[in-house]
Amino acid sequence: MNWLTFAIVAWFALGLELGLRPALRLGPEALAPSFVLPLAVFVCLWAPHRVALWACLACGLIVDLTWRHPISGGGAATIVGPYALGYLLGGQLVLTLRGVLIRGNPLTMAVMSMLAAAVAHVVVVAAMTVRTLYGDPIDFAPASELLVRLGASAYTGVAGLALSLLLIPLTPAFGFQQQATHRRIARRS
Amino acid sequence: MGRRPGQTAASRRLLPITIAALVVLALVPVRFMAFAGWFADLSAVVAAPVSQPLRALAAWVAPARAGGSPPEQVAELEQQRDHYAALYHRMRDENARLRELVRQLQGGIALNPELPLRLYTASVVGASSDLSSPLLTVRAGRRHGVERNTVATVAGVQLLGRVDRAAERLCYVRPITAPEAGSIIGTVMVSDEGGLLCRLAPVGDGTLRGDAEFPASPEGRPTPEVAPGHLVRLSDPVWPPSAQMLVIGQIERVEPAPDAPLRRVITVRPTVRLERVSEVVLRILQETTDEGGGP
Chain A
43 MNWLTFAIVA WFALGLELGL RPALRLGPEA LAPSFVLPLA VFVCLWAPHR
93 VALWACLACG LIVDLTWRHP ISGGGAATIV GPYALGYLLG GQLVLTLRGV
143 LIRGNPLTMA VMSMLAAAVA HVVVVAAMTV RTLYGDPIDF APASELLVRL
193 GASAYTGVAG LALSLLLIPL TPAFGFQQQA THRRIARRS
Chain B
19 MGRRPGQTAA SRRLLPITIA ALVVLALVPV RFMAFAGWFA DLSAVVAAPV
69 SQPLRALAAW VAPARAGGSP PEQVAELEQQ RDHYAALYHR MRDENARLRE
119 LVRQLQGGIA LNPELPLRLY TASVVGASSD LSSPLLTVRA GRRHGVERNT
169 VATVAGVQLL GRVDRAAERL CYVRPITAPE AGSIIGTVMV SDEGGLLCRL
219 APVGDGTLRG DAEFPASPEG RPTPEVAPGH LVRLSDPVWP PSAQMLVIGQ
269 IERVEPAPDA PLRRVITVRP TVRLERVSEV VLRILQETTD EGGGP
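Chains as they are written, first to last, in this note's numbering: chain A, 43 to 231; chain B, 19 to 313.
Calculated from the structure, these hints are not laboratory results.
Mixed in with the good hints there might be a few duds.
Residues of chain A placed beyond 12 Å of chain B at every Cβ, according to the derived structure [as the list claims (entries may be wrong)]:
| hint | residue |
| --- | --- |
| 1 | Met43 |
| 2 | Thr47 |
| 3 | Leu135 |
| 4 | Thr138 |
| 5 | Pro148 |
| 6 | Leu149 |
| 7 | Ala215 |
| 8 | Gly217 |
Partial list, derived from the structure: chain B residues whose beta carbon lies under 7 Å from chain A [stated by the list, open to error]:
| hint | residue |
| --- | --- |
| 9 | Ala145 |
| 10 | Asp148 |
| 11 | Glu186 |
| 12 | Glu297 |
Backbone N, C-alpha and C fix where the C-beta goes; we use that ideal spot for every residue, glycine too.
So here's chain A without its partners, still in its complex pose (with noise of 0.2 Å):
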């Protein structure tokens, strides 16, 4: 995989969570799509397998690095791994179902995005649960979070069709079959 080609997308799609966002919420629980996880979604559909992962830990990292979580008594912090590890475990579903997928549907990109939010969310929401099980002092309501980001990962579902329309036509900026390529080459040799 090219990855200056993935750097420059993953930070187009960091700034349109972190910049539109906002605009997007709905209801009253504020329900807001992500645009880094079809990214991810997007990579593991094409990528091999080790690549497609290192590009899931790396959407994970950026997005945990932009959470700001408040913490009981004043402040925020910055917690390095939830979503890391739920973008990792998300991936991995998309690797093992990617066999019968048909990679360039947009639809299968709306479809895995809504899943892969869907597993990344629990992932989140038991790493933050566990963390209020010890004492850390977070404010994080898990019940409730659960049932929000539920939602949330449905609306990840719209923003990756959406984002498919744009990431399908760059798959070959990806250099995804050079790589793929380049390894049956050098199994050849």
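Use these hints to put chain B onto chain A, whose structure you have.
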């Protein structure tokens, strides 16, 4: 140009090691995660060139003020009117407070004059990537004089919130409507002379809710009535003096309190949608540089 076997084995080991490290980091107490703040600031700075224009675009498509923005001149005049109204109320309160203080102390103490205030307009470069965090990332930091608890406003006198943390170039503002922002004391402006105190707490849907306290009225004088549309201004001693009488919002709903007949439960909504703002004004206290030395 194949990879050497040792290099491949090392790269294979790297992924599980990274995952293990992330599991540990995901569960380690937040007091040990201070180092991540620097990386978080860096990622916010890196994302800003994309997120800021997109946020401005989003604010243009879906403006923070309901009903769209008024023409520029009207908006400017409205802003000036609101500014002077806030100033008038603040001065009147300050006057009353000082009169009371002088009366109590029977005169003769030197009060510190209010520190000069500098207004710094900064753009909002983004929100948090997670749903649960309401913090807004603003392009102004310590190098601009912003500190923790610096007050942020929108459109002149609409109170936005306080700075939660200031980095070198960025700061994070917690809006007053954020659930963890805590309660805030305001004055319902039932008339120009003043109003009723209320303690408001964020509900989580962009509004604040709380009791409006009716003072005991002298015989024959009607108790002032709170009604939808009344402005609520900040009157909380916990907040800096420069923030007093800024607008918290407008009363949207008034309901009787079920357990206290002399109280009304009011729901207040800020005059703009705080999570959608694209530009804020930071009220930075300027430190006086002259320590009494002559020219």
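(message) The hint names B/Glu297 as touching chain A; please verify it with the least Cβ-Cβ distance against 7 Å.
(response) This interface hint is violated because 13 Å lies over the 7 Å limit.
(message) Hint validation: B/Glu186 versus chain A, beta carbon distance must be below 7 Å. Holds or violated?
(response) violated, 16 Å
(message) Given B/Asp148 as an interface hint, is its Cβ closer than 7 Å to any Cβ of chain A?
(response) holds, 4 Å
(message) Would the non-interface assignment of A/Thr138 survive a Cβ cutoff of 12 Å against chain B?
(response) At roughly 17 Å from the nearest Cβ of chain B, A/Thr138 sits farther out than 12 Å, so the non-interface label holds.
(request) Measuring Cβ to Cβ, find out whether A/Gly217 lies farther than 12 Å from everything in chain B. (result) Given a closest Cβ separation of 16 Å, the condition holds.
(message) Quick check for students: does the CB of A/Thr47 sit more than 12 Å from each CB in chain B?
(response) It holds; A/Thr47 is separated from chain B by about 16 Å at its closest Cβ, greater than 12 Å.
(message) If I take the minimum Cβ distance from A/Pro148 to any residue of chain B, is it greater than 12 Å?
(response) holds, 22 Å
(message) Minimum C-beta separation from A/Ala215 to chain B exceeding 12 Å: can you confirm that?
(response) holds, 18 Å
(request) Hey, is A/Met43 genuinely clear of chain B, shortest beta carbon separation above 12 Å? (result) holds, 14 Å
(request) Evaluate the condition: distance from the CB of A/Leu135 to the nearest CB of chain B exceeds 12 Å. (result) holds, 16 Å
(message) Using Cβ atoms and 12 Å as the threshold, tell me whether A/Leu149 really stays out of contact range of chain B.
(response) Check passes; 25 Å lies beyond 12 Å.
(message) Just to be careful: measuring from the Cβ of B/Ala145 to every Cβ in chain A, is the smallest value less than 7 Å?
(response) holds, 5 Å
The structure is inconsistent with the numbered hints 11, 12, although it conforms to all the rest.
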